[in-house]
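Go by the hints and put chain Z onto chain V.
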Amino acid sequence: MYRLPMRCLLFISLVLFSCGCSNAYRGMTAVPGNAACLERFKPHFIKTLYRTRVDLTGNHLSGILLIKLMPDSSTRMVLSNEMGFSYFDFAFAADGSFRVFYILPKMDKKAVITTLRKDFELVLMQHLDSQQPQIRWREGLTYYRFPQASGSYYYITTKDCGQLVRMERAGRRKPVVTAVMSGSGQGVPDSIGITHNNFNFTIGLKKISP
Amino acid sequence: MHKFLLACLVFALPILAIAQYPGYKPVVDLVAFSGRFTAASRQLQSVKSDFIQEKNLSLLADKISSSGKFWFKKPGMVRMEYLSPFQYLVIISNNKIYMRDGQKENKISSKSNKTFQQVNQLMLDCIQGAVLANPAYQASVLEGGDYLIALSPTAAGLKEFFSHILVYVSRKDFSVTKLRMDEKSGDNTIITFTNKEMNVPVADALFTIH
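Protein sequences, first through last, are from chains V and Z.
Under the working numbering, read the first sequence as residues 1169 to 1378, first letter to last.
Under the working numbering, read the second sequence as residues 357 to 566, first letter to last.
Keep in mind that the hints were calculated from the coordinates and are not lab data.
Please note that a few of the clues may not be correct.
Said to hold, decoys possible - With beta-carbon atoms standing in for the labels, derived distance ranges:
| id | chain 1 | residue 1 | chain 2 | residue 2 | range |
| --- | --- | --- | --- | --- | --- |
| 1 | V | K1327 | Z | Q459 | 34 to 42 Å |
| 2 | Z | I464 | V | Q1354 | 34 to 42 Å |
| 3 | Z | K463 | V | D1276 | 25 to 33 Å |
Said to hold, decoys possible - Mimicking EDC-like on lysine to aspartate or glutamate, the simulated pairs with C-alpha atoms at most 20 Å apart in a straight line are:
| id | chain 1 | residue 1 | chain 2 | residue 2 |
| --- | --- | --- | --- | --- |
| 4 | V | K1274 | Z | E516 |
| 5 | V | K1274 | Z | D538 |
| 6 | V | K1215 | Z | D418 |
| 7 | V | K1375 | Z | E410 |
Every value quoted in this text rests on a predicted model; they were computed, and no experiment measured them.
Glycine is no exception: its CB is placed at the ideal position from the N, C-alpha and C atoms.
Excised from the complex, chain V in its bound form:
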């Protein structure tokens, strides 16, 4: 009597399990090429101010983010609130290393720093110079995959690499973070959006100075 419902339950579980484990990067065709075309999408910050809005699980935070290219070719990011109090001051060196100059004691947690570091690394596209990607096509889009120690960075363009559609930081099977940039006049995006897919966390940047 209970066999049929149990089988149904097992079937539903298997379907849900297989959906949960589905690979978002499956069904792609490997193609030859290089990542040189991505260079034109790479932001070239000299000194830019962004109005910054962060929404994290129902909490809203806002401030001003200064992104500045330093004489040693590192990129500094300083976020402070509107009244001037600093949240963090990070440096992304040209060689890929990372340094925390300051972080608000309440934010000074490894998970927070790592998350922010990886989010901004995705947008800064610094690893373009250091490695050759795997290139694949699917549904009119070209995926440039840069494998990392854990997960990968994907830069997804139109098939002819004419336009950067989105950027993704992915685990083994699914994108964990999706980022978009728009209005990249003179190499500096007008706006940047970073969305975490696993939990309610978004970062929105809108340029307020040239």
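Then chain Z, alone, in the frame of chain V:
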């Protein structure tokens, strides 16, 4: 021996103060200053002013500037409206802090957040002339072209953010002309009040938190 050390300290402190704040020397008659500062603040019912805010980033040799309008009304109501280069509103009223960033609104009870309460109290104490009596700071008063009240936070919370808070007071009317907040990181934020109008009608509606 103890008396000798105390005497050294008494003589050394003013010298240190002079070295730290060039152009200023310790006020000789502190009681007289305190009396006049408090009396002038008692007369103060309202303030309407413009403000310019500069956040100076020491390691980046750069600054972030913003400006807006400021209102104060007794008892303890403050409205700061940032107008350029971004729009942002802060209202402090009845131990509540309201912040509006575009369409997003945040309301915080300063009682539930100790640091917010201390910052809130600092701003009100500066305007109302009670800053010298606040046990959350160690204060020293200096004079030059104007008066300078140098505050070192002693209370936990504020100590995490600030190394010093400097309050510049006009010799003419004992009103606050400038506020400088030195962060532990070496950065500082300077708020300069301009076009001040004292004891002018200021509507209560400006401080209403919806």
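Against the structure, the hints:
1. V:K1327 to Z:Q459: 34 to 42 Å: Holds, since V:K1327 and Z:Q459 (Cβ atoms, about 37 Å apart) stay within the stated range.
2. Z:I464 to V:Q1354: 34 to 42 Å: holds, 39 Å
3. Z:K463 to V:D1276: 25 to 33 Å: Holds - the Cβ-Cβ distance for Z:K463 and V:D1276, about 26 Å, lies within 25 to 33 Å.
4. V:K1274 to Z:E516: Status holds; Cα separation ~10 Å.
5. V:K1274 to Z:D538: Holds - the C-alpha atoms of Z:D538 and V:K1274 are around 19 Å apart, at most 20 Å.
6. V:K1215 to Z:D418: holds, 10 Å
7. V:K1375 to Z:E410: holds, 19 Å
The structure is consistent with each of the numbered hints, conforming to all of them.
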